[in-house]
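A.B. asks: As they're listed, the protein sequences go chains C, A, V and X. Numbering-wise (the working numbering), the first sequence opens with residue 1 and increments by one. Numbering-wise (the working numbering), the second sequence opens with residue 1 and increments by one. Numbering-wise (the working numbering), the third sequence opens with residue 1 and increments by one. Numbering-wise (the working numbering), the fourth sequence opens with residue 1 and increments by one.
Since the hints were derived computationally from the structure, they do not count as laboratory data. Here a beta-carbon is modelled for each residue, glycine too, at the ideal position from N, C-alpha and C. If a hint is listed, it holds; no wrong ones were tucked in.
Computed Cβ-Cβ distance ranges for the label pairs, DEER-style:
| # | chain 1 | residue 1 | chain 2 | residue 2 | range |
| --- | --- | --- | --- | --- | --- |
| 1 | C | Arg173 | X | Glu243 | 15 to 25 Å |
| 2 | X | Tyr230 | V | Asn115 | 55 to 65 Å |
| 3 | X | Glu47 | A | Asp118 | 46 to 56 Å |
| 4 | X | Glu243 | V | Glu311 | 47 to 57 Å |
| 5 | A | Phe55 | V | Glu311 | 42 to 52 Å |
| 6 | A | Glu237 | V | Ala202 | 34 to 44 Å |
| 7 | X | Gln52 | A | Arg234 | 54 to 64 Å |
| 8 | C | Asn174 | A | Glu75 | 54 to 64 Å |
| 9 | V | Lys197 | X | Asp118 | 37 to 47 Å |
So the derived list for chain V, only partly shown, Cβ under 8 Å to chain A, looks like this:
| # | residue |
| --- | --- |
| 10 | Gly65 |
| 11 | Thr71 |
| 12 | Lys154 |
| 13 | Gly250 |
| 14 | His251 |
| 15 | Gly255 |
Number of protein chains: 4
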Amino acid sequence: MLKKIAVMTSGGDAPGMNATVRAVVRYAVSKGVEVYGIMRGYIGLIENDFVQLKFSDVGGIMERGGTILRTARCEEFKVDRGRKEAYKVLKDRQIDGLVVIGGDGSLTGATLIANESDVKVVGIPASIDNDIHGTDMCIGVDTCLNTVVENIQKLKDTASSHERAFIVETMGRNCGYIALVSGITTGAEAIVIPEVKVDFQALADKLLAGKKRGKINSIVVVAEGAASAYTVARHLENRTGYETRVSILGHIQRGGSPSAFDRLLACRLGSGAAEALLSGQNNVMMGLQSDGIVPVDLNKALQTKKEIDLELYKLANILS
Amino acid sequence: MLKKIAVMTSGGDAPGMNATVRAVVRYAVSKGVEVYGIMRGYIGLIENDFVQLKFSDVGGIMERGGTILRTARCEEFKVDRGRKEAYKVLKDRQIDGLVVIGGDGSLTGATLIANESDVKVVGIPASIDNDIHGTDMCIGVDTCLNTVVENIQKLKDTASSHERAFIVETMGRNCGYIALVSGITTGAEAIVIPEVKVDFQALADKLLAGKKRGKINSIVVVAEGAASAYTVARHLENRTGYETRVSILGHIQRGGSPSAFDRLLACRLGSGAAEALLSGQNNVMMGLQSDGIVPVDLNKALQTKKEIDLELYKLANILS
Amino acid sequence: MLKKIAVMTSGGDAPGMNATVRAVVRYAVSKGVEVYGIMRGYIGLIENDFVQLKFSDVGGIMERGGTILRTARCEEFKVDRGRKEAYKVLKDRQIDGLVVIGGDGSLTGATLIANESDVKVVGIPASIDNDIHGTDMCIGVDTCLNTVVENIQKLKDTASSHERAFIVETMGRNCGYIALVSGITTGAEAIVIPEVKVDFQALADKLLAGKKRGKINSIVVVAEGAASAYTVARHLENRTGYETRVSILGHIQRGGSPSAFDRLLACRLGSGAAEALLSGQNNVMMGLQSDGIVPVDLNKALQTKKEIDLELYKLANILS
Amino acid sequence: MLKKIAVMTSGGDAPGMNATVRAVVRYAVSKGVEVYGIMRGYIGLIENDFVQLKFSDVGGIMERGGTILRTARCEEFKVDRGRKEAYKVLKDRQIDGLVVIGGDGSLTGATLIANESDVKVVGIPASIDNDIHGTDMCIGVDTCLNTVVENIQKLKDTASSHERAFIVETMGRNCGYIALVSGITTGAEAIVIPEVKVDFQALADKLLAGKKRGKINSIVVVAEGAASAYTVARHLENRTGYETRVSILGHIQRGGSPSAFDRLLACRLGSGAAEALLSGQNNVMMGLQSDGIVPVDLNKALQTKKEIDLELYKLANILS
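Generate coordinates for the entire structure from the input sequences, incorporating the hints supplied.
C.D. replies: Okay, here's the thing in structure tokens:
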């Protein structure tokens, strides 16, 4: 039975990270385990920047965006020397188990610790990109989608008033999930994602057909990993003669109080991760599958590409 | 192959009904089918109150709460005579298929039509109570949860300022889902739901323990089907001596622009229902199961009680 | 020149109180003055429950609803004995000046201190009711109005879907401001406020005329001080035969992160109060008048009834 | 007495334009006047694109962002020939009065019509920049501020998590009002506006001082008319060594359902404009001054620069 565990958030922040930390801490503490928060992800681990987290230390954080443990990207941990320092810190502090909350880069670090040290490690997928295999949803995605949808609705107001096309760029470096779902759910005329080769002529034709049908606004949602919104705008202006405007939603997509969905997911994955650690699991990631919380082999999760549902892409075309 | 179908919304309204109507209409129209909207549910069916819905007639409705087809509860359809009039209307209009969007009462009507007439019927579960078997989530639940969570957060502000306990009553006549999930995701001290017998003394002890630990606000979430918030308040005041306040959230839980989740679910269930009808399905309900949209036997869905996940109830107690 | 001042929030909480505390503290600290927060209003004053507030102690509170100083209603301060204890505390602590943030009851206490002790006192009007003479707006009113308007919009969704009339009860014991403004800005059919005698027959006629004109929803906004929403509902059902529903918005009207308007008002009134104290003012309240922040004689402010603009009431009737 | 009036929205759209149109139409119709909406501002005027607006035609639009009359910028109206065509249209249609809703460019057009034709003209200031003399607030400003504040709060979440500085660019070509007020109300470390020469070294020093004091996020708000956010970011990175990120809020600032404040202002200015026209006023703009709605000489309003309150700029520095 583990006695001391640690928890960190790492990589890009996502709404719901605080709710996850709260669940890890409170579940573990309720089982008699001591819990430490590691500040700023792997950097704080190497630099031995730990703080004990008791039950009441995580009160009132569930509703807050960002992460009280802060987060960072860390180059040092990618080299042996940095990791050795980290393992020494964990050993000196007699940490038996570690929960890593973050995206694929952060979880790659987690599996290295599981493989190279005696510390047991459980990962929790938190990434607004929803690009991690082994879980239906990552923490932060739902809140991000609501932010994107709400803002595209605002753009539609002004698009309709001016009879313009708006090209909206969302986050998503390798994965078009945010663009795809926000495009469907705002009735966007077209969606440009890394998973589907873009055909600018077809896209232009669609906009022209919409206008002919009487539409007074057009929205094109572009994942940042597929193309620059400015490039898409230029192509469309050239082919249609429309007046277009570009909106890069940027970092507002990462912030905000988490939605009910993300809070619930955070409570379930966070407590599930603590429970998994305490029951001896190692080198796994907790995932949401079919409404159940399950441990997924961490190596497998990292080596498999999460496929986007292309039926949704077709559906977007039918419905808009 | 069907040529003319109709769609209605019925029973209590839920956010996302309009997005569902839009998806049914646009999917079917794109396959060459004529679609009619029936006004005010079964009443409009009996009274022959139909309106043709073309592709552009459902533009701009996805983001709107409520239902443009309006809705009502209907006693006449529960008796043979009313239903016979309804079947005559459907026959006279040569309607081959019908999509019914609503809760269990509305879907019970749907299965009667499937059993008693030649019209093929597909149901779509829309109910903020999330009380329908055969689907992980009903349309409207996610938006409702966000509304409840947002408002409980507001109550926590004032509860903390005055060091009071708030007893919040949510919707949920037979099913504690809204109360349970909103309670977990707002860190409520206690949750009172129809599925679990309430122990007022244990509840009072929990509030007292929280206060001892330094908590300056207490939230108790009560499903309307379990108890009146006023009753709970009286019990707790008597046992703890706390100053309590009651908040009945009421009908604001039904309104509002649907969340991204509800819009996506509506797009998928709506187009899935149209597709199911066109491919010859009958007497089924489209459900979300494990991230897939599947047809579920409608009789079975109606005869099976949807069980709440009691693990969530335990989790709520551990985390708060 | 004052050296030590204290600040308290008292009475019903209002969004923006924290932003006000922050402004008082930071302005005074920047001028070299020591600032103490008094917990729970006049109770904390009598019980000597003070906490020093430095510049960074009020970081991150501007956006939070409620008040970190907490608040309460206090009977003890209404009797001489209680006030004597309070003055002793202030004297022992060598407090030269006091800022009281609250509604008319709290400001009445403030003027007593100014009259009965050597401590200089400046009040700041914070009350969602907007019932204080001498200021165009009180802190919290704008946020409250946005909450009410947003929720009435949700009720309109469901009202339209069911073709019902909703009777919405807002806060406002002696003053119909919230009901009046939220009624105008949501297009309510009728508004019932303490300042205008209600004519149920005229109101019923208006609803009937609206229905005749094709309106499918009706909203009646009632200030709690004018009538119970249930009473209004009964009168209207009897006279019109409509199906009505009641929604009591309750305490959600007090919570939530303050709007931009309330934050700006809080920054201006809070810094203005600190500046007024430091420049020797006493027994005044800071008010917003014509876009300027001015000191108002506190006794006069309390003795004059704030009149509601009845032109707005007429306008509501013309526009709906 | 006028018999037929027209109303248009022109220039950049602002939230509350629809509420204003509704108020103009309903007030005038209630006085027996016929009202026409002109589509797309001055273009629709020249092209004779009018639509009659009856009382019920403007139902349900108050809560919608954008403008149902659409809007555009128009070069043709700047030359005599274009204006002559416009005057002919107005004469042929026997329009006696015109309400123009828009910013300074649009109001400049309005005064030309008043000077060069027999049509009486009243303007209404609607511009998120709040850059029009003669009114305390323009329609759309309050909603825009809430959008900006809400989004800066989201950026603060991620700024704190990553310990970064965010440079946020708001709208405001000639006027720093949005940047100034959103900066104060989000506790921004620094505000860069056209009205005040920027001192990058002082700004860098302030950020460094904040960090020294323990601040883990820094927000700098920049009005687009003062500097590019990228330029500011580069200057600050060079001088402080901080990691910065840029967020261009862009067109989302124009959209969204109007706030309670903007709706009320729209109701008052819209009905006030109609009333002014009917009572024979001409070549004026309705303004909000000290809580009253007053006619302002339109030429004077256009020729006077609206000064920003530099006390607010100083206050921002004291409080952050």
